[in-house]
Amino acid sequence: MNRRTLFELAVMVSLAAVVSSAPVSLPQLAAAQKAFTLEQILSAPFAADLIAAKKVNRIAWTLDEQGKRNVWVAEGPVFQERRLTSYLTDDGQEISQLSFSEDGNSLVYVRGGEKNPAGQYPNPTSDPAGVTQTVWVVAWAGGEPRKLDAGHSPKISPRGTIAYIRDGQIWLASLDGSDKPTQLVVRGQNRSEQWSPDGSRLAFVSSRGDHSFIAVYDVATRSISYFAPSVDSDSDPTWSLDGKRIAFVRRPAEPRDTPQGYFIEPDRPHPWSIWIADVTATTAHEIWHSSTSPQGSFPYMADDTGGGVLNWVAKDAIVMASEEDGWQHLYSLSAGGGAPQLLTPGDCEVEQWSFSPDRKTVIFNSNCGDIDRRHLWLVDTTGDKPGQLHHIVTGESREKLRAERAQGIEWSPVILSDGRYLAYLASDAQHPARVFRTSFDADRIVATLTPTPPDFPAGQLVTPQQVIFHSADGLEIHGQLFVPNNAKPGGKLPGLVFMHGGSMRQMLLGWHYMYYYSNAYAMNQYLASRGYVVLSVNYRSGIGYGRAFREAPGRAGRGATEYRDVVAAGKFLQARPDVDPARVGLWGGSYGGFLTAMGLAHNSDIFAAGVDFHGVHDWLTDNWDGKNISPELTKLAHESSPVSAVDTWKSPVLFIHGDDDRNVYFAQTVDLVARLRARGVTVEQLIFPDEIHDFLLHRNWLAGYHAESDFFDLQLKNLPSAANGKPR
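According to the numbering used here, the sequence shown is numbered sequentially starting from 164.
Note that these hints are calculated values from the structure, not bench results.
Owing to the predicted nature of the structure, the values given are computational and were not obtained by experimental measurement.
Incorrect hints may have been included.
[Claimed, not checked] Below are the DMTMM-like pairs computed for lysine to aspartate or glutamate, each with C-alpha atoms no more than 20 angstroms apart in a straight line:
1) 478 / 405
2) 813 / 834
3) 813 / 802
4) 310 / 254
5) 318 / 266
[Stated by the list, open to error] If you anchor each label on the Cβ, the simulated ranges turn out as follows:
6) 520 / 738: 52 to 60 angstroms
7) 826 / 433: 19 to 27 angstroms
8) 281 / 349: 20 to 28 angstroms
9) 635 / 203: 50 to 58 angstroms
10) 711 / 504: 43 to 51 angstroms
11) 349 / 259: 19 to 27 angstroms
12) 455 / 312: 39 to 47 angstroms
13) 626 / 243: 28 to 36 angstroms
14) 621 / 348: 49 to 57 angstroms
15) 218 / 500: 27 to 35 angstroms
16) 240 / 852: 46 to 54 angstroms
Ideal Cβ positions, reconstructed from N, Cα and C, are used throughout, including at glycine.
Using the sequences and the accompanying hints, generate a full structural model.
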C-alpha cells in the first residue's frame with residue numbers, strides 16, 4: 164500500500180469523528196468526479212531554462228516529465244526536438260544552469276541542488292549512497308554525459324575552459340576533460356564569474372561579508388587584480404564588447420547597527436551606482452548613481468531574472484534595469500555617463516530580457532497593456548519605440564496570431580545566432596509551458612518541441628476570469644476566479660481562496676512560468692473541477708503592479724497588512740451568489756502558508772478550513788538572519804505572526820511540509836502544531852522526510868495535492884449549508 168493510501172485512510176478515520184455528519188449529495192460528487200484526475204493535470208511536461216548557441220542555430224532546454232528531468236535540444240531550420248540525456252526516474256535531482264560551448268557542440272549543466280546549512284545536498288529519496296551537486300558535460304551529438312566535478316554555476320570560456328563554484332571557491336577545468344580541475348585560491352566567498360569575450364580573463368565577485376570586491380583573474384599571468392576596492396559592496400560585473408572594460412554595481416556600506424531581517428526590518432532606500440573599470444589600468448570611476456528615494460533602490464526583480472541588471476550592448480551603451488519611475492523598466496545608458504534613456508515606458512513592468520547576437524536589439528517580456536499576463540516585446544537598444552512581437556510578424560495570419568497571443572503568456576525569449584529565428588516559452592489558460600519557435604520573416608508561429616500527454620485534459624479546463632476588488636483600506640486587488648464548468652444555476656458551492664508564496668510573485672490568467680506555481684495553477688483547476696469556486700488573490704507585496712504595491716507599508720512582519728487582502732478575498736467569495744458563505748476555505752504555500760495560518764488564526768468565522776504548505780508562522784524565528792531589531796519591532800513582528808493569535812484559531816487545518824526545507828524552517832510547523840494541539844484544534848499533517856521547500860519528487864506533489872483535496876472534501880463538503888440556517 165503506497166504512502167498516499169495510508170495517509171488518506173488516516174485522514175478519513177481521524178476526521179470522521181470531528182466533522183459534521185451532514186452527507187454530501189451523491190449526484191454532486193459524481194458530477195464533480197467525472198472531470199479528470201490529478202495525475203492527468205500534473206502529467207504535462209514543464210519546460211524551462213531555454214538557451215541558444217552563439218554561432219549555430221541550436222537551442223536547448225530542460226524538461227520535467229513527472230519528475231524525470233532531462234536536457235532537450237533542437238536545431239534549425241527543421242527544429243526537430245530530441246532528448247539528449249537519459250535520466251528516466253523521479254529521483255528528485257534537478258537539472259539547471261544549462262549553457263552551450265562557444266561552438267555549440269557541447270552543453271554543460273548542473274544536476275542536483277545546493278547544500279543546506281548543515282552541508283547536506285537535497286536527497287528526497289533518502290538514498291543511503293548519498294547525492295552531490297555536480298557539473299556535467301554532454302556532446303551535442305549525444306552519448307553518455309561526462310562528470311566534470313562537484314559544483315555549480317558553470318561558465319564556459321571561448322577557449323574551452325569552464326569556471327564553476329565549489330564550496331564558495333572558483334575552480335577551473337577544461338571542457339574536453341584533458342586537465343585536472345584547479346582552484347583559484349581567493350579569500351571570501353566567490354561567485355558571479357564572467358569570462359571576457361576572448362576568454363583571456365575571468366571577472367568575479369569576492370564577497371567578504373560586510374563588503375565585496377570585483378576581481379579579475381588573468382589567465383596568461385595567473386594573477387588576480389581588484390578594481391577600486393572599498394568598504395562598499397560591488398557586484399554584477401559585465402564585460403564591454405571589446406573586453407577592455409567592466410561595468411559593475413556598487414552599493415554603499417551601512418552602519419553595523421542597521422536593523423536587518425528581510426521581512427521585519429524597517430523600510431529604507433537602497434541606493435546604488437554603476438561604475439566602469441579599465442581592465443588594463445585597474446582603475447574605475449562612477450558613471451551613474453540612483454536617487455536616494457525609495458524608488459531609486461536597487462531593483463528587486465533584477466536579481467530574479469536571467470537578464471541581469473547590467474548588459475553592455477552595441478554603440479558602447481549599457482542597458483540597465485531601474486525602478487526610478489515606480490515600475491521596473493529598462494534604460495539605455497552611455498558608457499561615458501549621462502542621463503539614462505527609458506526604453507520600456509508605461510505603467511507596467513519588464514521581467515525577463517535578452518539580446519540579439521549583434522547586441523542591437525533587446526527582447527523582453529512584460530505585462531504592458533495586459534497586467535495579469537506576460538507578452539514579448541522588441542526594442543532597439545538605442546531607444547526606438549517598443550513593438551510587441553505580433554506587430555513585427557507579417558502575412559495574412561497577423562490578426563489571427565494577435566488574437567491567439569492575446570490570451571497567452573510568454574517568457575524566456577532567445578534570438579538565435581543568425582538573428583532570423585526566435586525561440587521562447589509560452590502557456591495559456593489550457594496549456595502549460597511549451598517551447599515555441601518562429602522566424603521574424605514568417606507568417607505564423609509554430610508550437611513545437613514539447614509533446615503533451617494524450618490524456619492531458621486541456622479541453623476540460625476552465626478559463627480563469629480576471630476579477631478586481633478592493634481591500635478594507637481601499638487598495639485595488641487583482642485575482643483570478645476559477646468557476647466550475649458543471650456548476651448548476653442557483654446552486655451554492657464551497658469556495659477557496661489561494662495565496663501565492665514569495666511574496667514577490669504574481670499569479671496570472673493562465674499556467675505560470677515557474678514550476679512551483681504551474682503546479683499551484685494545476686491544483687486550482689483540479690479543485691474547480693471538483694466543484695469549488697477558487698479565487699487566486701494577488702495580494703499586496705507581490706510583483707506586477709508597481710514598486711509601491713510590492714513594497715506596501717506594513718507588509719510581512721511589519722504589520723501583515725497584506726492579510727487585509729485575504730480577508731477581502733474571503734468576503735468577495737462569500738458575497739457571490741454561487742458560493743455558500745459558510746463553506747469557504749483557504750490554502751497556500753510558503754508566504755501563502757503564512758497567510759493561510761493568519762486566516763485561520765484571526766478569522767475562523769470566515770475560513771472554515773485551511774491547508775498550509777510549509778508556511779511561516781513566526782517572523783521572529785524565520786527572519787533570515789535578523790539582527791539589530793528594536794523591542795518595538797520585535798513586538799510588532801510577533802503580533803504580525805499567526806502564533807500570536809492561536810487562541811482564536813478554531814477551524815481545522817492540514818499542514819504539509821518537507822523536513823529539509825531550506826526556505827522556511829521545518830521548526831515553524833513543529834511549533835505551531837504543538838500550540839494548536841494544546842488548544843484542541845483539529846490538526847492533520849503530511850510530512851515528507853528529506854524533502855525541500857519546492858518539492859523535488861513529483862510523487863510528493865501528487866500526495867500533497869491529493870491530501871489537500873481529500874481534506875477539503877471532508878471539511879467543506881460535509882459542512883451544514885448557510886442556506887439551511889446552520890452556518891459554521
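Results for each hint:
For the given pair, residue 478 sits about 11 angstroms from residue 405 by alpha-carbon distance, which is consistent with the 20 angstroms threshold. Among the hinted pairs, residue 813 with residue 834 is consistent with the structure: their alpha-carbon atoms are about 17 angstroms apart, no more than 20 angstroms. Between the alpha carbons of residue 813 and residue 802 the distance comes to roughly 18 angstroms, so the proposed pair stays at or under 20 angstroms and holds. Distance hint between residue 310 and residue 254 is fulfilled; the C-alpha atoms sit about 18 angstroms from each other, no more than 20 angstroms.
Between residue 318 and residue 266 the CA atoms are separated by roughly 14 angstroms; this keeps the pair inside 20 angstroms, and the hint holds. In this structure the supplied range 52 to 60 angstroms holds for residue 520 paired with residue 738, their Cβ-Cβ distance being about 54 angstroms. In this structure the hint that residue 826 and residue 433 lie 19 to 27 angstroms apart at CB holds, the actual value being about 22 angstroms. At about 25 angstroms, the beta-carbon gap between residue 281 and residue 349 stays in the expected band of 20 to 28 angstroms.
Checked against the hint of 50 to 58 angstroms, the C-beta distance between residue 635 and residue 203 comes to roughly 40 angstroms, which is inconsistent with it. Between residue 711 and residue 504 the beta carbons are some 24 angstroms apart, a value that contradicts the proposed interval 43 to 51 angstroms. Range check, residue 349 to residue 259: Cβ separation about 25 angstroms, and the 19 to 27 angstroms hint holds. Between residue 455 and residue 312 the Cβ separation comes to about 44 angstroms, which falls inside the hinted range of 39 to 47 angstroms.
In this structure the hint that residue 626 and residue 243 lie 28 to 36 angstroms apart at CB holds, the actual value being about 32 angstroms. Restraint check, residue 621 to residue 348: a C-beta distance of roughly 54 angstroms satisfies the suggested window 49 to 57 angstroms. The hinted window of 27 to 35 angstroms between residue 218 and residue 500 holds, with their beta carbons roughly 33 angstroms apart. Restraint check, residue 240 to residue 852: a C-beta distance of roughly 49 angstroms satisfies the suggested window 46 to 54 angstroms.
Of the numbered hints given earlier, the model fails hints 9, 10; all others are met.
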